[in-house]
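Asker: Chain by chain, the residues:
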Amino acid sequence: QKEVEQDPGPLSVPEGAIVSLNCTYSNSAFQYFMWYRQYSRKGPELLMYTYSSGNKEDGRFTAQVDKSSKYISLFIRDSQPSDSATYLCAMTTPDGYGKLTFGQGTILTVHP
Amino acid sequence: EADIYQTPRYLVIGTGKKITLECSQTMGHDKMYWYQQDPGMELHLIHYSYGVNSTEKGDLSSESTVSRIRTEHFPLTLESARPSHTSQYLCASSEYIAREEKLFFGSGTQLSVL
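Sequence lines, in order, name chains A and B.
Just so we're aligned: the first sequence equals residues 1 to 112 in the numbering used here.
Just so we're aligned: the second sequence equals residues 1 to 114 in the numbering used here.
Just so you know, the hints here were simulated from the structure itself, not pulled from any lab data.
Glycine included, C-beta positions come from ideal geometry on N, C-alpha and C.
You can trust all of the hints, since none of them are fake.
Derived EDC-like pairs (lysine to aspartate or glutamate); straight-line CA-CA distance at most 20 Å: (1) A:Lys99 with B:Asp38; (2) B:Lys57 with B:Asp30; (3) A:Lys99 with B:Glu95; (4) B:Lys102 with B:Asp3; (5) A:Lys99 with B:Asp59; (6) A:Lys99 with B:Glu72; (7) A:Lys99 with B:Glu56; (8) A:Lys99 with B:Glu100; (9) A:Lys2 with B:Asp38; (10) B:Lys31 with B:Asp3; (11) A:Lys67 with A:Glu3; (12) B:Lys17 with B:Glu63; (13) A:Lys99 with B:Asp30; (14) A:Lys99 with A:Glu3; (15) B:Lys102 with A:Asp95; (16) B:Lys31 with B:Glu72; (17) B:Lys31 with A:Glu45; (18) B:Lys102 with A:Glu45; (19) B:Lys18 with B:Glu63; (20) A:Lys67 with A:Asp95; (21) A:Lys56 with B:Glu100; (22) A:Lys56 with A:Glu45; (23) B:Lys31 with B:Glu100; (24) A:Lys42 with B:Asp3; (25) A:Lys99 with A:Glu45; (26) B:Lys102 with A:Glu57; (27) A:Lys42 with B:Asp38; (28) B:Lys31 with A:Asp95; (29) A:Lys67 with B:Glu100; (30) B:Lys17 with B:Glu79; (31) B:Lys57 with A:Asp95; (32) A:Lys42 with B:Glu22; (33) A:Lys56 with A:Asp83; (34) B:Lys57 with B:Glu79; (35) B:Lys102 with A:Asp58; (36) A:Lys99 with B:Glu101; (37) B:Lys31 with B:Asp59.
Which chain A residues face chain B? A few, computed with CB under 8 Å, are given here: (38) Lys42; (39) Gly43; (40) Pro44.
Given these sequences and hints, build the entire structure.
Answerer: What follows is the structure, encoded as structure tokens:
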């Protein structure tokens, strides 16, 4: 069983929609949670970083962590065509020091 | 934008060839990583380094080797490439900022072994 499971998608939504991306994990030692965005033929770039249960907001993006359910989510409000990319969840333990465990990614397409 | 560079971007070679994938960063980061990514699959850590002369194997077994002679440089070598090595290889470096360990990725090398 994979330590991190991510809804594979793909997702196709109209511009302006609210997008929900989700991951579940099985390793309770994971304490730090990240969302990366990866455009085609590019490396992943960090979008959100959280280390506590609850919500963290940054502009149109909200990261949600529920450690009791081992579930994390990323919400994108007012989605734009420029949000079209692959979104990867990632997580690590307190002694992970950058050694991340990734989900398989969700391909998102926002059409005008 | 992160200052981490990978060359070549694309490489097509024949079986049995020795190859080196280059990775350099200008941010002075001590920690560097190599991840492998197949289409539609997770990134898997294959090597990491916490500084000069420090290298460790990651969670995914790999026949590649790495070296870290200079802080800014973290090359990956395959002594004898095989079709099973076909994949995307992503290099990253990280720094600890305000309780967050942030990874910065290069654009990757897409390797195809015929």
